[in-house]
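Colleague: Construct all of the structure, not just a fragment, from the sequences and the given hints.
Chains C and U, in that order, are what the protein sequence lines are. The first sequence begins at 721 in this note's numbering and counts up one residue at a time. The second sequence begins at 721 in this note's numbering and counts up one residue at a time.
Hints listed in this document are in silico derivations from the structure and should not be mistaken for laboratory results. The reader is advised that the hints may include incorrect statements.
Same chains, same names: a pair is fine if it fits in one copy or spans any two.
[To be verified] Cut-off 30 Å, straight-line C-alpha distance, at most; resulting in silico cross-link-like pairs (BS3-like, lysine-lysine): (1) Lys1234 with Lys1250; (2) Lys777 with Lys1399; (3) Lys1107 with Lys1009; (4) Lys1357 with Lys1459; (5) Lys923 with Lys1386; (6) Lys1234 with Lys1253; (7) Lys1250 with Lys1145; (8) Lys1156 with Lys1356.
Protein chains: 2
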Amino acid sequence: MSLLFKHLRVHQIFGANTDVGKTILTTALVRASAARGIPVHYLKPVSTGHISDADDKHIDYFVGDRKANVDTACLFRFDEPVSPHLAVRMAQGRRSHKMDPPTDDAFVNAVSSHIRECAMHHDSISHMYVETAGGVHSPTLSGTTQVDCYRPLFLPTVLIGDSHLGGISTTISSYESLVLRGYIIDMVLLFHDGYYRNWEYLKPYFADRGIHVLSFDAPHKRLADPDEENALMKAYYAKLVPENHHSAIYDALDHLDQCHARRLAELESMPKRTLDTIWWPFVQHGHVKGTPDVNVIDSASQDFFTVYNGQSSSTLTSPHEPPVSLLEPQFDGSASWWTQALGHARPELTLAAAHAAGRYGHVMFPQATHLPALRLAERLVHEGPGKGWAARAFFSDDGSTGMEVALKMALRVFSTRQGCDVDVKEQKKWGILGLKGSYHGDTIGAMDACEEGVYTCEWHEAKGIWLDPPTVANRKGSFIISLPPAIAELAGAGSDTVRVSSLQEAYAVESRIKSPLAQAYECFIEQTLKNLKENGGPTIAALVLEPLVMGAGGMIFVDPLFQRVLIDVVRRELGLPVIFDEVFAGLYRLGMRSSGPLLGVQPDISVHAKILTGGLVPLAVTLASDSIFRAFMSDKKIDALLHGHSYTAYPLGCEVANKTLDIVEKIAASNDWDQARVKWNASVANQTRESSVWSFWDPEFVDKVARLSIVSEVMALGTVLAIKIRDDAGGYQSHSAQKLLASIKYSEQNNSVSAAPGGSPFGINYRTLGDVAYFMSSLNTPVAVVRSIQDRIWVTLTCT
Amino acid sequence: MSLLFKHLRVHQIFGANTDVGKTILTTALVRASAARGIPVHYLKPVSTGHISDADDKHIDYFVGDRKANVDTACLFRFDEPVSPHLAVRMAQGRRSHKMDPPTDDAFVNAVSSHIRECAMHHDSISHMYVETAGGVHSPTLSGTTQVDCYRPLFLPTVLIGDSHLGGISTTISSYESLVLRGYIIDMVLLFHDGYYRNWEYLKPYFADRGIHVLSFDAPHKRLADPDEENALMKAYYAKLVPENHHSAIYDALDHLDQCHARRLAELESMPKRTLDTIWWPFVQHGHVKGTPDVNVIDSASQDFFTVYNGQSSSTLTSPHEPPVSLLEPQFDGSASWWTQALGHARPELTLAAAHAAGRYGHVMFPQATHLPALRLAERLVHEGPGKGWAARAFFSDDGSTGMEVALKMALRVFSTRQGCDVDVKEQKKWGILGLKGSYHGDTIGAMDACEEGVYTCEWHEAKGIWLDPPTVANRKGSFIISLPPAIAELAGAGSDTVRVSSLQEAYAVESRIKSPLAQAYECFIEQTLKNLKENGGPTIAALVLEPLVMGAGGMIFVDPLFQRVLIDVVRRELGLPVIFDEVFAGLYRLGMRSSGPLLGVQPDISVHAKILTGGLVPLAVTLASDSIFRAFMSDKKIDALLHGHSYTAYPLGCEVANKTLDIVEKIAASNDWDQARVKWNASVANQTRESSVWSFWDPEFVDKVARLSIVSEVMALGTVLAIKIRDDAGGYQSHSAQKLLASIKYSEQNNSVSAAPGGSPFGINYRTLGDVAYFMSSLNTPVAVVRSIQDRIWVTLTCT
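Modeller: Put into structure tokens, the structure is as follows:
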């Protein structure tokens, strides 16, 4: 991940094209730094072309008489003057070169490690220039284009513009490709060309965009005679980088120094400024002790944030310790509140967002249509979680609003079924049937579908009844179903737990449906409904469930058999609409597209968000069956579903969702997950994949953690790992999990290469829900990363 | 705007750079179309370089023996082989050329008009190729780069890739610049280069992105002798476009034909598919008669949608009528539910979105910070609507959630002020004080802060009391304050209206504050509060207002004096927190940043959304004063504001908001609006700009419409024009406005050049609220567009 040192200022040099003067202007920068007596590192990670032309040799030769200040390096060198990805293949073809092209990860690790090594040597100002090869999108050794391959390093960028005819276009397009990857672009440098005068156009163009442009006299045309050429080039450099330290190239140095200083100052100022202005969600500001409590996120890539550690003690180096990067990777352990599934800042999603923004902006949706929304609706209804039961898609902005829409749908259906004699006062008190521990979002209507609790506000009115459900977990190495007392009694097992042989058995709903436990569940539910009716409880209008797991309620894994029986009984006895809140659990968070196939029943209404938009932007979709939709059809305008946010079905969100589903479904259809499935003894057959039960986390690890004395129970399903800490005063107000794991947030400074991009040591950003700590992977987190998180969790739990 | 004809297939040709073979491959396409006996139009809007080299001459010369089928044209021609923006200046410098460079609008109109003329001639298949100059971002005559300048035409695109060294990079970057503008890219064509083999890399790269790549043998190196050169080129073209109709260039034709056919088929299928899958917000599907009721939005630019009219009668041309474009502009008359302010699909906003997406994706916000959110919070609090009173910014997803947050804040403050003895049952019934006609969003909590009405659902419980407010409007040519009966009686005026001399007088709150009417207001409010207390009304916890105008309630312009007095009395008598719901009215929708300076009082809490994100993505911010924030501080976690959506403060949304505010504040600080201000006799002095009252709509027009017998009253403020139709059965259920204006939706097919980009005839997409029709401009809508909308409204109102 990104590296930032106080004393070593690092810039990467990208070119708008080949042959735009990248090496010459980089040489000038190196020479200017050296002329000022500053130690300079020049790194050309990949060099192609004859050794005599190689960029580091060029610099060695032309740096002037301050050579002692300059350190040049090249990590991969090829003779052929072609794109690196071809050079590798040509070299292999000739068999003169045995090496396989390095993977992007290995490449990034090599560059990162070189930079860190350079930083070790300096406790006063030094400069580093990392020169890329060709244009911004020229392929690297692996074939990935450079802007993408270098992205995890997130180095501040100098773009060398193109002064030729057409160069305005290539310079601006290259700039935009850098913008699309989020880079910080500090400066554009280019040659003067008296005829095309591109710099004249580009200076105000980039000034409008906050970017400084400097232009330089171009060198002569290359001469055939090497001695003459070298002599002329020496003279050229002597003029470009004069000994009197006054020229545009020194202005460039000053500007880069200022950018570096500003960046350091900005990062340092951010915690205080944040504490002065921001009101955080779900945070007790009274608990915030000061600036070190603010997690400054400078960028993100894959499953890692890059965070500023300038305030943490680990970077306050004594004179004897080597300087540590002020930015370090931090594993995004809660998948940024359960939204991430493909890694942060995926270029495909950025481009999808940009394409829709560029085509539509936002366009209003009532009685209108556009491709991104239509395609998303069609795929969710026909191929996605709505497959086989849904008929319509209704758009809103987040899981909470999606649930409000779902509730409005269900209430109307119930109302319609009551006929004309609905008492308007009575309907305000209609309730839903749900489970204890449910959470459906933060808006007051969604909250009213939950019990009163810590999350609820003054206006909250719990509308409904909530059953205490049996749960599944690994406790001390065995998978068990924990029964609430009332059910335990009915089950007559003489115990409040039922042991199952494996995770697979627990989730084999169809094979458990005739079991005595299923009968006990049925009996319990029937009795509850009967009691409710007899004792004048609220009129129940809908069944509302988070299938399989109740997230915010504390990662409670509900026995799926209980949910199945509940749905069956409610449908049979009351004929009520069933809402699945799949905001958290859906779209492969638990390793399966939706929970219907596993439960063996489908809802009438379902709500989808979070992963839906790949962890980039908010969007929710409420799916409904045709009979739900028809309850709103009439010839009266006011019978319509009069709900609609301004940005309903905004094209950018829909297009990002479409691209996310493309990627997610491709991952799900591949064999990538089969290794994990096999470990969990889950089916890898195509026909049962839809309900296959497995986890990205290792079964041995889960088992091992469950046996720890400080741990009460553990569950893993799909990307989710939940560890419940033994704590007599549990619940949301407990701080036990938070305290126990506190040290995991910090990186362990050691010399081993970590699994984070770039190999730097990393900490883990984690969230707790009272006594439950949870960790979440993406759908494509590398096994090595998962393992290293497991190792770190293990060390933290066992050494505290 | 975009043109699309059934028989004339049009493609624009962009190049990844100069000298990539754009003219050669375009010539080949033209020649291939002609060889198939298809009439071909070749348009080079701008040509630079010597006439003998000019692209149209090249095509004329090399098109083969089917010349009769080919029509070539060039709109602007310059001798100099430089970028068009320079060519114009050089030509002017030589005084050989008198013309001013055309504006982008004029340029787009010229191209559009040429295309429409070409389409006129064909009722069977024909092709058209529009060749741009240089690379995608080469500047056009005005200096705007081509991708941006051509964007309103939104023509399907062929990109000519670059086969040289570095060409992979320039091709991909050019592609990305096209993606950022939302273009449909049908194909990439490039030369074979045996050494660099770019096509080998680019074929799979673009296949992954759904784009077809074809490659072609490159021509020989240009010969010095023109005759030899011509002979060789003839032979080259004969091989590239053989008479047997079998070669890659014919495959390219087939592919472009398929793309065109697919696009037509897709547009035609969209209405039916939409009616099959989409559940629209705020739409009674029972009223939807069929596919013609679906507004298919193909793209958008400036203040216009481009909509498909293939189903409307106006395009069902008889054999004697010329073909009409299947796509036409439609003015976005409701600013897409009040979100637009800068025009659709602004590249600056797209790039801001892309930059944040590329740097962060989304990163979780509790106890974290990132630059886009921090900067947005700081500017809203310190320089924006929070200036002078706010201390904190809390993020959520839309106006409705922003209001739920505001209500939770206010309720807590009230609760805290009650001390320890708050009755938990009692607090559920606390109410707010508001105005009749209020609307604060669709979620149930926000709804509970409004009266029961057509919008409310089964669970709605009106919590509070709502006063009937006096309103401002132009009625029959005079500005009047309409008083509700109770106030009219107290005012003792003997009438329910008070005439004011002008809009300016109505909004001069400070000068009206001592008036008898102000005293009547005060008396009425005090009495109401007293009655409430005496008669055991709900406990009032907060004052909640939409300042100046209640939007969804029917564009009700409340007398600002009444709101001012109400705030003063409530603060004095009850000391309650005051919430401003500025979701609709804020951020210059009404010509001023916020309503506080005009009202002369500031709120304790305010909510901002809609314009905040420039009409691109959803985001809301709730601002709060320090004392509100402190009510949640404690050492208990559960005392925190436990509200937070997954994508809270997502970087993409925050960055788009930052860029929007940059642009909006720049417009507001410029003199662009002064002409309109002067017309309305509003102050143009810097010190009073913050509360200056004026409108983008002409005062004469407003006056004229107000005098129509079918019109009850009219108001215009800032971008908003509201026309209330005379209708005895008014309100939301009324269809009077909808019916009266129905014809305005359709374009008037005539030969005049319209004010829409490209000059095509356009319809107006408008929304009504019962008996009120409203129209909204952006903050930068050209005067010509506003005038043409006014003209159209006038004609529609007076001719029906």
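Colleague: Can you list which hints this structure breaks, lowest number first?
Modeller: 2
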